[in-house]
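Trainee: Numbering (our numbering), first residue to last: 1 to 224.
Calculated from the structure, these hints are not laboratory results. Note that the coordinates shown come from a computational prediction; the quantities given were computed from them, not determined experimentally. Among the clues, some could well be false.
Said to hold, decoys possible - Below 25 Å or equal to it, Euclidean Cα-Cα: the simulated DSS-like pairs (lysine-lysine) are:
#1 Lys184 x Lys71
#2 Lys130 x Lys88
#3 Lys130 x Lys86
#4 Lys75 x Lys120
#5 Lys86 x Lys120
#6 Lys71 x Lys88
#7 Lys88 x Lys78
#8 Lys97 x Lys130
#9 Lys184 x Lys130
#10 Lys78 x Lys93
As the list claims (entries may be wrong) - Derived DEER-like restraints, expressed as beta-carbon distance ranges:
#11 Ser164 x Leu109: 21 to 29 Å
#12 Ser80 x Leu209: 27 to 35 Å
#13 Asp173 x Gly142: 23 to 31 Å
#14 Glu49 x Ser80: 49 to 57 Å
#15 Leu209 x Asp173: 51 to 59 Å
#16 Ser85 x Lys130: 39 to 47 Å
#17 Thr87 x Glu161: 21 to 29 Å
#18 Glu114 x Asp173: 27 to 35 Å
#19 Lys97 x Asp127: 21 to 29 Å
#20 Glu49 x Met96: 56 to 64 Å
#21 Asp91 x Asn32: 25 to 33 Å
#22 Glu118 x Glu49: 54 to 62 Å
#23 Asn143 x Arg201: 37 to 45 Å
Glycine included, every Cβ here is placed at the ideal spot set by N, Cα and C.
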Amino acid sequence: MSKGKEKSPLVQIAGQLESVVTGISAGLKERNVSIIEAIGKLAQPNSREAVRKIVNAIADLFIETKICFLKSIEKDVKVSSPAFSKTKFFDSKDGMKISTGSNFYNWVLPEISETVPEFKETFSSFDLTKGMTDGEIRSEIGNGTLTPDEWIAKTRVLVLEQPSGENGHLASDYKSNIDYIQLKSGRIVAVPVYWLAVDRRWYLGAYDLGGIRWDGVSRVFVRG
């Protein structure tokens, strides 16, 4: 992930439009629709078929696939977590090496229940195909969030499956695994988990929405 200077609204809109054009072009190419060829046919007397082909391809792209700039990785990541003690987990970390950022420690940790309840859910995961802001990501995956308890239950299950940064549902090698949680105040924060290969530990962070542009190698999880 990378931090950058706050961009003006016009620059942000221009970037979003560029992303839309890039995504549509790539999506149409996958459907064997050539923009150049189709536009050339529009000048011909009988152009109805060319118009229909473009319209149908774009409709398929947005209605069927919906997500244009995220690459689907998994659609059936099952998480089943029994109830567990927050204090015991963060003290012993189940034998794993885990560190937390100051934002996580101050914002998220106090809102996790002392006894985290049982949690069962299925998630889908997507990899970013380019650098994206939280706003761009959430415009594609929707505005769904997890509670702090749901998030730590999910995270605990997944990192236990990859205690030393092995391959698995979570991306490793400094790649961020992003979720969005809603705090009791209603504030929504991005919570990344990533493997620090040099230190051989998992890192839990938290960031306010905006101001962060996630690297194109990041992964995001969606409930359901």
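Trainee: Against each hint, give a clear statement of whether it holds in the structure.
Mentor: Do the hints match the structure? See the list:
no.: 1; hint: Lys184 x Lys71; in the structure: 32 Å, violated
no.: 2; hint: Lys130 x Lys88; in the structure: 38 Å, violated
no.: 3; hint: Lys130 x Lys86; in the structure: 35 Å, violated
no.: 4; hint: Lys75 x Lys120; in the structure: 15 Å, holds
no.: 5; hint: Lys86 x Lys120; in the structure: 17 Å, holds
no.: 6; hint: Lys71 x Lys88; in the structure: 36 Å, violated
no.: 7; hint: Lys88 x Lys78; in the structure: 24 Å, holds
no.: 8; hint: Lys97 x Lys130; in the structure: 30 Å, violated
no.: 9; hint: Lys184 x Lys130; in the structure: 32 Å, violated
no.: 10; hint: Lys78 x Lys93; in the structure: 21 Å, holds
no.: 11; hint: Ser164 x Leu109: 21 to 29 Å; in the structure: 24 Å, holds
no.: 12; hint: Ser80 x Leu209: 27 to 35 Å; in the structure: 29 Å, holds
no.: 13; hint: Asp173 x Gly142: 23 to 31 Å; in the structure: 28 Å, holds
no.: 14; hint: Glu49 x Ser80: 49 to 57 Å; in the structure: 51 Å, holds
no.: 15; hint: Leu209 x Asp173: 51 to 59 Å; in the structure: 25 Å, violated
no.: 16; hint: Ser85 x Lys130: 39 to 47 Å; in the structure: 40 Å, holds
no.: 17; hint: Thr87 x Glu161: 21 to 29 Å; in the structure: 23 Å, holds
no.: 18; hint: Glu114 x Asp173: 27 to 35 Å; in the structure: 34 Å, holds
no.: 19; hint: Lys97 x Asp127: 21 to 29 Å; in the structure: 25 Å, holds
no.: 20; hint: Glu49 x Met96: 56 to 64 Å; in the structure: 59 Å, holds
no.: 21; hint: Asp91 x Asn32: 25 to 33 Å; in the structure: 57 Å, violated
no.: 22; hint: Glu118 x Glu49: 54 to 62 Å; in the structure: 56 Å, holds
no.: 23; hint: Asn143 x Arg201: 37 to 45 Å; in the structure: 31 Å, violated
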